[in-house]
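Protein chains in written order, with our numbering: chain R, 921 to 1264; chain C, 53 to 375; chain X, 333 to 618.
Honestly, I wouldn't trust all of these hints.
FRET-style restraints, in silico, Cβ to Cβ [unchecked claim]:
hint, chain 1, residue 1, chain 2, residue 2, range
1, C, E250, R, I964, 21 to 27 Å
2, X, Q501, R, N1030, 41 to 47 Å
3, R, F1144, C, I371, 56 to 62 Å
The set of hints was computed from the structure by calculation and includes no laboratory data.
Fair warning: this is a prediction, and the values are worked out from it, not measured in the lab.
Beta carbons: idealized from backbone N, C-alpha and C, even for Gly.
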Amino acid sequence: MKEKFLQKEQFPKFINELMNRYPVYAPIKKNGFHVFEKISSPKIIDLEYSNTKIPPKELFFPRAETLFSYAKSKEGIDLIQDSHPDETRVILGIRPCDVLSFLLLDKFFNSGKFQDPYYQKRRENSLIIGLLCADPQSTCFCTSTGGSPFSEAGMDISLTDLEDKYLVKSLNIKGDQLLEQIPWLGTASERDIFDATRRAKKALASIKTEIPIEKLSDKLEKLFNNDAFWSPFSQKCINCGSCSFLCPTCHCFDVVDEKTSTGGKRIRLWDTCQFTLFTQHGSGHNPRPTGKERIRQRIMHKFCYYPKTLNEIGCVGCGRCIRVCSVNQDIRSIFKAVQEVEGG
Amino acid sequence: MESLQNSMREIVRNLLTEHKIDLAIGYEKGTLPLRTSPCFVTKEGEIQKLVWNSCCDLDLTKYLFKPENQNKKIGIIVKGCDARALTVCIAEKQIERNKTFIIGMPCLGIIDKKKVEAAVAPKEILEVKVIDDQIIVKGKDFERTLSKKDYLQTSCLACRYNNPPIYDALVGGKPLELPSEIDWDKIIAEFEAKSPEERWAYFSELLKDCIKCYACRNACPLCYCKECFVDQTQPQWVGKTTDISDIMFYHIVRAFHVAGRCTGCGACTRACPMNIDLRLLSKKLEKIIKDRYNLEAGLNPEEPPAMGAHKAEDPQEFITEGH
Amino acid sequence: MEQKTLLRKKSNPYIPKLATITEITRENDINDLKTFKLVFNEKEHFKNFDYMPGQFAELSFFGAGECPIGIASSPTEEGYLLFTVKRVGTVSTLLHESKVGTTIGIRGPFGNGWPIEQLIGYSIVIIGGGFAFSTLRSLTKYILANRKLFKAIVVIYGARNPSELCYKQDLAEWEKSPEIHLTTTVDAGDKNWTKKVGFVPAVTKEVAPTSKDAYAIVCGPPVMIKFTIPVLTELGFANDKILLSLENRMKCGIGKCGHCSIGEKYVCTDGPVFTQEQLRFMPKEY
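The following block holds chain R by itself, in its conformation from the complex (with noise of 0.2 Å):
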């Protein structure tokens, strides 16, 4: 664990290094937000942000991915066996939510009798460079799912804004490895490295939101029939797919098929238990009929089932369903009125 800095005019050339060896993934800014993006060169880079608009799951489990082709001969079908891109690539910026977020999906994608290998294949091709948060925004609760602003975990390497110069922390083998290849970055000083505890420590104290979520999931069993407590959360509601889509340990999918004349494919899709469809049977027997079923499902599932399960919080606080509701929904308020429910 090596503390390097990096000097921000020198920022291009390590982009450039890394881009010379490896495909770089880094926030871009679009339409009045950031995505992750594969970048063609430093410049286009920006890492002044708060967060991506969309969490970078999306390059761990794709917006849409195919899963196999296959084509129509004279026997039948000819299963195409389709080849992933084994791009070992960097990701560079993504915020320590994130990072948690994909320790968590690892944990659900690796688990029980079947795991997933396109989730799988494209984690362990990753060297994942995190961007600790100095400034967390007033919708920021990682301090409440077990994270924090300047938390490591997950990250290959870590690079914390000094102003000036990043410093740059290697967690691991995997960043020792890399910044052994780029070996021009100087040394970090005490100086560095104080001021970098000092940020950690006012990033924070700048989080105002404490909730003890993990107290929550027995409440919350408990609350399960109670239709009096989920009223006023699905009156608002208007079941899009807003908050799932853009929530970096929302996973579930849809698998479609796509067919031509001569083959077709299967693609898997986002999906979301928001949508009416998602658990309509052929019969047309709907388990989650109203909007009520289906947003208390998703509070449920993350706060519920996830503990119940994988022994986890499925939320790493970012903020982003909070940000994204069009009609303000406050998941905060949601674990008030939890909290405020007599009885333990």
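Could you slot chains C and X onto chain R? The hints should help.
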């Protein structure tokens, strides 16, 4: 603005205490600056939650379609654009006029939070005060004063019906004037001058960030179908992938489904998390309806929607002149 | 750069194995129920398809999608798999329109299946309704093939009318067999029907199978289950001795896509078999 808020609350109080309504749907203060949230009031004690200000952007008509709100007498707070959408729903016999008490709010324009956020980005806005025609925006280490008229919703700048055309009570008693600033005809004319290839390129570029969350459809008060064409499987009309053709198909078909009914309230654009502005498409469709049939949606609850009725004098040059 | 595929590894659970339809049996008069006999194109896939009664597979109609279908054959029937499919939606309709020789994809076996080990040494009361009998057929044949391991075998199978009873050949055999006590019933008979007429719950009450050292296994439409459970309770069956197989909308079949969840459980991995005791604590989201 405050007097309008107080008058609005009084009207709701009277309606509730006289049992003329079971439920009032309005706006409450949001948890973030520049935001309001839908407010559902059934008791007198809750009336204080209702607010009226330049951040009351949502079209609340949508909530009349919620299953839990069926068969209730509902008082709903609507701006001009919302009232027109509601009028369309009444004309289409989806909302019962005699169960709905329409509380009309004359409106001077709603602030576009996305525009304000963009003005100070990447800094976070922590507090906003709107005083007359000024927006005072404060953050951790900054304060800026913006001129409200530069930060209104695009649909407000082209608004011609800022006073609800249909209401049971007009809050404040008198309508308000609002000058139109955006010349949509000019914008559409620019678009109309493009070749089909250029138009396709424009829409491809516009829609490429679409994540198919359907917030636009779910926010739109006219998208009330119990089974949307998107969800049908036999036959499957639209592909579900994120290929641009599937995205385009969804948006184009939805635009056609609301053609002649869309009032330009902007709910779709506001709801979109990816900042996609669908208004040019809907404005063009509005223009076609106006030019061909001299109709504007949502002004008359007795008038069937343009695409849902036929008159003998309707232009039919596509038959007579083989166009 | 060498491109490796994810599919050469055996462990990609999203890739179907190819199989061919070798036989199609019409199960009812209105022709919306068919049993398909499927044979893997590569014989070695049979070895890897190690299934138990109660499990299901995802059948692919390439280009249209998949549907989860309970395996109707018993693992004791070698060299083929049987699936009984009701024509309901896009994929099942295309299956119904397929001819012998069509290539179908199979992913599986999925699900927990009937808990055979727990059932050993007990009497088994199998109660089925309509086409939900498919995995019960698998179980019945399996138990019969291992007859000595179980005490009494009681089967109560009902359908709307005689034509809707599936596996007529198997039923005829079982009627003659002393190893199994079979009662078939219909809601409404026809001029050729000489056996029982009555709903399954009422017939269960009549047959009154003993609950002593017995498990009851129930599969059928929700209304049948709703009225059969109280009958079993009255007969003395404890909730943890009543087994049900649930259905929910499914896509991946491997507990990842989220569609079939009931509370924190997934029907495709924690189920589809659940005891009545487990269901008491699960939300009614199925």
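Status of each hint after checking the structure:
1. E250/C to I964/R: 21 to 27 Å: This hint holds: roughly 25 Å between Cβ atoms.
2. Q501/X to N1030/R: 41 to 47 Å: Since Q501/X and N1030/R have Cβ atoms about 45 Å apart, the given range 41 to 47 Å holds.
3. F1144/R to I371/C: 56 to 62 Å: Since the Cβ atoms of F1144/R and I371/C sit about 60 Å apart, the hinted range of 56 to 62 Å holds.
Checked against the numbered hints above, the structure violates none of them.
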